[in-house]
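If you're matching positions, the sequence shown starts at 2 in the working numbering and goes up one per residue.
Honestly, I wouldn't trust all of these hints.
As the list claims (entries may be wrong) - Think about it this way: if two alpha-carbon atoms lie no more than 20 Å apart in a straight line, the pair counts; the simulated SDA-like pairs of lysine to any residue are:
| no. | residue 1 | residue 2 |
| --- | --- | --- |
| 1 | K130 | Q183 |
| 2 | K141 | G185 |
| 3 | K186 | L122 |
| 4 | K119 | P175 |
| 5 | K119 | I182 |
| 6 | K126 | Q183 |
| 7 | K140 | I192 |
| 8 | K94 | Q105 |
| 9 | K126 | L171 |
| 10 | K141 | L122 |
| 11 | K130 | L143 |
| 12 | K126 | D144 |
| 13 | K140 | K195 |
| 14 | K130 | V118 |
| 15 | K186 | R125 |
| 16 | K91 | S74 |
| 17 | K41 | V29 |
| 18 | K42 | D31 |
Calculated from the structure, these hints are not laboratory results.
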Amino acid sequence: MQSVLKSIRPIFNQTEQIARVRRRRPKVTDATILRRKEIKKLRHFNIYSTDHTGERSYHPWMTSGRIRSLMLSYQDLQNRHRHTIKFDPKDQKELIEKSTEYSQYRYWVFLHHQQGVKQLLEERKQFAKSIESLPYHLKKELDADYKANTKHPNRPELLEDYNLYYEQILRIYPDDFSQSIQVGKRIQNIINEKLGENE
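Can you build the whole structure from these sequences, using the hints too?
Written as structure tokens, this is what we have:
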């Protein structure tokens, strides 16, 4: 009996040591305190609501409760069928082929657009050089014809959106084109100031 107890005693000692280790609390640092505070804040926070970001759904039917139910059902199905779902290899191959064709087409459209922008830049440079060589009275006639042919020459409210999103519009175009637009706008402002002084 004593031999059996002696053989069992180290096992009990090991279990006691493991229990002591498990009872030990981790060291509380500033990071853990901040994390606990964040968890307490988010405990009563509806993650499925769209009010905190200032966004609204496209339809009033999509409330936070319906979004939550849809997300939970999607997660449930995703977890349930993660090992049983099977894809058809033919469909996979067709999807890869279609995606490569579409990407090639989009790249071709991008190159075509870039080439058109380069041609437009060259034409504008030549046009600017030809205008610089003209005398002043011809430039004045061109400006008068341009103002007469435009539909609404004295309606600045039509350019409100353009002036509001001027910087965003410039970012869309390449650097050379945007720089030429900025330089042209500055030159136009200087010319208008000088013409106003002469008048």
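Practice task
Would you mind confirming whether the straight-line C-alpha gap from K42 to D31 stays at or under 20 Å?
Solution key: Answer holds: K42 to D31 is near 17 Å, not above 20 Å.
Handout entry: Pairwise hint evaluation, I182 against K119, where the allowed Cα distance is 20 Å at most
Key = holds (14 Å)
Exercise for the section: Starting from K186, check that the Cα of R125 is at most 20 Å away, please. Expected result: Distance of about 14 Å is within 20 Å: holds.
Exercise for the section: Mind checking the alpha carbons of K126 and D144 for me, to see if they're no more than 20 Å apart? Expected result: This hinted pair holds, its Cα atoms lying about 18 Å apart.
Practice task
Given the hint that K140 pairs with I192, test it: the Cα-Cα distance must not exceed 20 Å.
Solution key: The given pair, whose Cα atoms are some 12 Å apart, holds under the 20 Å limit.
Exercise for the section: Take a quick look at whether K41 and V29 sit within 20 Å of each other, Cα to Cα. Expected result: holds (16 Å)
Exercise for the section: Assess, step by step, whether the Cα of K141 is no farther than 20 Å from the Cα of G185, and give holds or violated. Expected result: holds (17 Å)
Handout entry: Restraint check for K141 with L122, where alpha carbons must lie at most 20 Å apart
Key = Not satisfied, since the Cα-Cα distance of roughly 24 Å exceeds 20 Å.
Practice task
Decide if the proposed pair is consistent with the structure: K130 and Q183, CA atoms, cutoff 20 Å inclusive.
Solution key: It holds: about 17 Å lies between the C-alpha atoms, which stays within 20 Å.
Practice task
For the pair supplied as a hint, K119 and P175, confirm whether the alpha-carbon distance does not exceed 20 Å.
Solution key: Roughly 9 Å between the alpha carbons, so the hint for K119 and P175 holds.
Exercise for the section: Would you mind confirming whether the straight-line C-alpha gap from K130 to L143 stays at or under 20 Å? Expected result: With Cα atoms ~15 Å apart, K130 and L143 stay inside 20 Å; holds.
Practice task
Quickly compare the C-alpha distance for K94 and Q105 to 20 Å and report which way the hint goes.
Solution key: Roughly 17 Å separates the two Cα atoms, so the pair holds.
Taken one by one, the earlier hints fail for this structure at numbers 10, 16, listed in ascending order.
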